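**Q** Single-letter residue listing:
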Amino acid sequence: MAEFAFEPEPEVHLAPGESVKEISGRSPWQIAGRRLVRNRLAIASLVLFLLVVVCSFLAPVYAHDIAHTDPFTSNVSGTTVVNGQRVNVIQQGGGSLGIGETPIGPTWHSNYFVGADNQGRDVMARVLYGGRASLTIGIASALICCLIALVLGLLAGFFHGWVDAVLSRFMDLIWAFPVYLLAISLATVLLTKNTGLKFGPIHLSASSLWLPTLIIGFVYVPYVYRPIRGQVLSVREKEYVEAAISQGASSLRLMFAEIMPNVISTVIVLLPLMIATTVLTEAALSFLGIGVQAPKASWGTVIDDGQNLLYTRPAVAIVPGIMIVLTVLSLNVLGDGVRDALDPRAKVRARE
Amino acid sequence: MFAFIVRRLIGLVLVLFAISVMTFLIFFAIPGVDPARQLAGRNPDPTTIAAVRHQFGLDRPLPVRYALMMKRLFITRDLVSYGNQALQVVPAIKAATPVTFSLVFGAAVLWVVGSIVVGLVMVTFKGTFVDPLLMILALIGISMPVFWLGEVANLITQDRLHDTFLFSWVPPLGYVAFTSNPWQWFLHLIIPWITLSILYIGFYARVLRANLLEVQNEDYVRTARAKGLSPRRVLMKHMLRTSLITFVSLFGLDFGVLVGGGALLTEVVFGLPGVGLLTYHSLVALDLPVIMATVIYGAFFITIMSAVVDILYARLDPRIRPA
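Chains as they are written, first to last, in our numbering: chain A, 1 to 352; chain B, 1 to 323.
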């Protein structure tokens, strides 16, 4: 770094089919914003994702004003009106041998739109409520994960030495576990009935959505930490950081005011892909019974409820799965678009 | 090279030790579950709990308990399940391993072949409707939860279309050992293989496509074209071979993750009695020694696998051999 013959690196790369004129004189964020807005597929997927979010957060309105049901209490002896006739929600017979009980199938009316589950609860209302839980957990855990990874990556990359060694070895250790097994281990221990997590005054009960959120956020930290640490290592050698050091800037200032703005784009590129991943992980954990706990619903628990009804009432398992696919697909497409907009040359793995 | 391997192996041993400590701490040091209470049966009185605690050494200090646990897991290999004390953990995992291997191995063959074909088709037909269509299909593939896809596959092949000519050959869910009947082994696994591989076909095809598009501007590709090689030969012999380097390292890690427990959801949905299903059953019964053992097994497998990948990689490509 002793040379003074300094050549500014080209910080912005042209996207395919873009002219220099289009990006000259604009800030990197403006350029990225324009590119994203022009990417019709990315915008369409953003709209789709927001649509899923809005529908899910309107779940109470749907349950109360449209379906007129309470999706959290069982309604085994309830009735509903189909084609002007009053029918039982749980019907006798209908299994492969004509014995047992079968919940009502899709009525395509406001009440029991796609049918009921084993306990006579409205599946559509549960899917919407489930979406609220799944999306909350997915978004919150991705944010927590990125925040922790950003701070740790800044610390490790900025201080080098033993801080970096300790943090990076710990991240390698978490990395060595299969993500699902680590999440399963933590969830098994923390979500066992009647216990939960106690940290001094903070008590998280087993039914709190915070537990799965924190677990999922934690297990993915190394996947975001690694790229961020690498970037911090290279950014801290840049001239503007040296300039700030020569002005006597403190470590905190260097980390958060000089270096962070230059690595934040990596976080932004990873965020949609992380949400896609955490939504899938939440669904898997809830499907295994160690995510969201009954009577609360999430997409994963509704698929789990539908497993026993798979051959008689497949809609129970299929509908939440379609919601997951729509959400994750839209986030993956959006993530690709954001990546292309921020850094046309980057190769970020979707998933993993 | 020898020094590199030795260093990598020492690192490996340290990581394995750290993994076993961390797993042990997760299961036995986080307050919450009291294994003694669980072992003592329903509504135990305090004296029973204390007796059980002593019997299983749960009243000893943590480092001693760790050492005892690892001794029973790795040296005497007689660690028993807490839920069912006739179940020995190590033989149970040993019996389950071939099932997981069968599942992952077959799926791996499918996804390697499938993704190379899809990736090549995407690059060959770039600029036509085929490329974006396959891109979207690949994205849908990586966006589906594997357990949901498995349920849909079951719904179609076991029930809705089972009585038609399409899927009447599909046997009921379960597993038949290769050694007892290779044909039935194949039939039982074919739907799980396809289900598990779809995600990876989508993902690997995208990676391969990106790599192929990246190398197509390289000098050696231009040289190959300039000297008059057919486009197919340039694609297969020059572009594909270099693109496969990333592919191979990804493959090693993903294979390791799947054998190490990542195939759990597929095993649960299809009722395949592999390590994943064993983990799931012990999870439902909250059987801590078994879950701990399967997690350690999985993490060990992945770590060893990634060390092997590193060494192989250094063997293939001297540039990444650290000095």
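Source of the hints: derived by calculation from the structure; they are not laboratory data.
Mixed in with the good hints, there may be bad ones.
Claimed, not checked - Just a sample of chain B residues kept apart from chain A, beta carbon distances all over 12 Å, derived: (1) PHE2; (2) ALA95; (3) LEU110; (4) THR128; (5) PRO145; (6) TRP148; (7) PHE165; (8) ARG232; (9) ARG233; (10) LEU258; (11) ILE311.
Claimed, not checked - So the derived label-pair ranges between C-beta atoms look like this: (12) A/GLN307 to B/ILE304: 50 to 58 Å; (13) B/VAL117 to A/LEU41: 37 to 45 Å; (14) A/LEU252 to B/LYS71: 45 to 53 Å; (15) B/ILE304 to A/GLN91: 48 to 56 Å; (16) B/LEU68 to A/SER74: 21 to 29 Å; (17) A/ASP70 to B/GLU214: 52 to 60 Å; (18) B/GLN85 to A/ASP70: 38 to 46 Å; (19) A/VAL47 to B/ASP59: 44 to 52 Å.
What you are looking at is a predicted structure, and each value in this text was computed from that prediction instead of being measured.
All C-beta atoms, glycine included, are put in the ideal place defined by N, C-alpha and C.
**Q** Report holds if the minimum CB distance from B/LEU110 to chain A is greater than 12 Å, and violated otherwise.
**A** holds, 18 Å
**Q** Range hint 50 to 58 Å: satisfied by the CB atoms of A/GLN307 and B/ILE304?
**A** violated, 34 Å
**Q** Closest CB-CB distance from B/ARG233 to chain A, is it above 12 Å?
**A** holds, 26 Å
**Q** Could you let me know if the closest chain A CB is still more than 12 Å away from the CB of B/PHE165?
**A** Fine: 20 Å to the nearest Cβ keeps B/PHE165 off the interface.
**Q** Per the stated criterion, does the least C-beta distance between B/THR128 and chain A lie above 12 Å, as a non-interface residue requires?
**A** holds, 17 Å
**Q** May I ask you to test the hint 38 to 46 Å on the CB atoms belonging to B/GLN85 and A/ASP70?
**A** Once the Cβ atoms are compared, 44 Å apart, the range 38 to 46 Å for A/ASP70 and B/GLN85 holds.
**Q** Taking the Cβ atom of A/ASP70 and the Cβ atom of B/GLU214, is their distance within the range 52 to 60 Å?
**A** Given range 52 to 60 Å: holds, Cβ gap about 55 Å.
**Q** Checking a non-interface call: every C-beta of chain A should be farther than 12 Å from the C-beta of B/PRO145. Is that right?
**A** violated, 5 Å
**Q** Is the distance from the Cβ of A/VAL47 to the Cβ of B/ASP59 consistent with 44 to 52 Å?
**A** violated, 60 Å
**Q** Mind checking the hinted window 21 to 29 Å against the Cβ distance between B/LEU68 and A/SER74?
**A** This hint is violated: roughly 46 Å between Cβ atoms.
**Q** Test the statement that B/LEU258 is away from the interface with chain A: the closest C-beta pair must be farther apart than 12 Å.
**A** B/LEU258 not clear of chain A: closest Cβ-Cβ about 9 Å, inside 12 Å.
**Q** Just want to verify: B/TRP148 was marked as not at the interface with chain A; is every Cβ pair farther apart than 12 Å?
**A** Violated, since 4 Å does not exceed 12 Å.
In the structure shown, a violation is registered for the earlier hints numbered 5, 6, 10, 12, 13, 16, 19, in ascending order.
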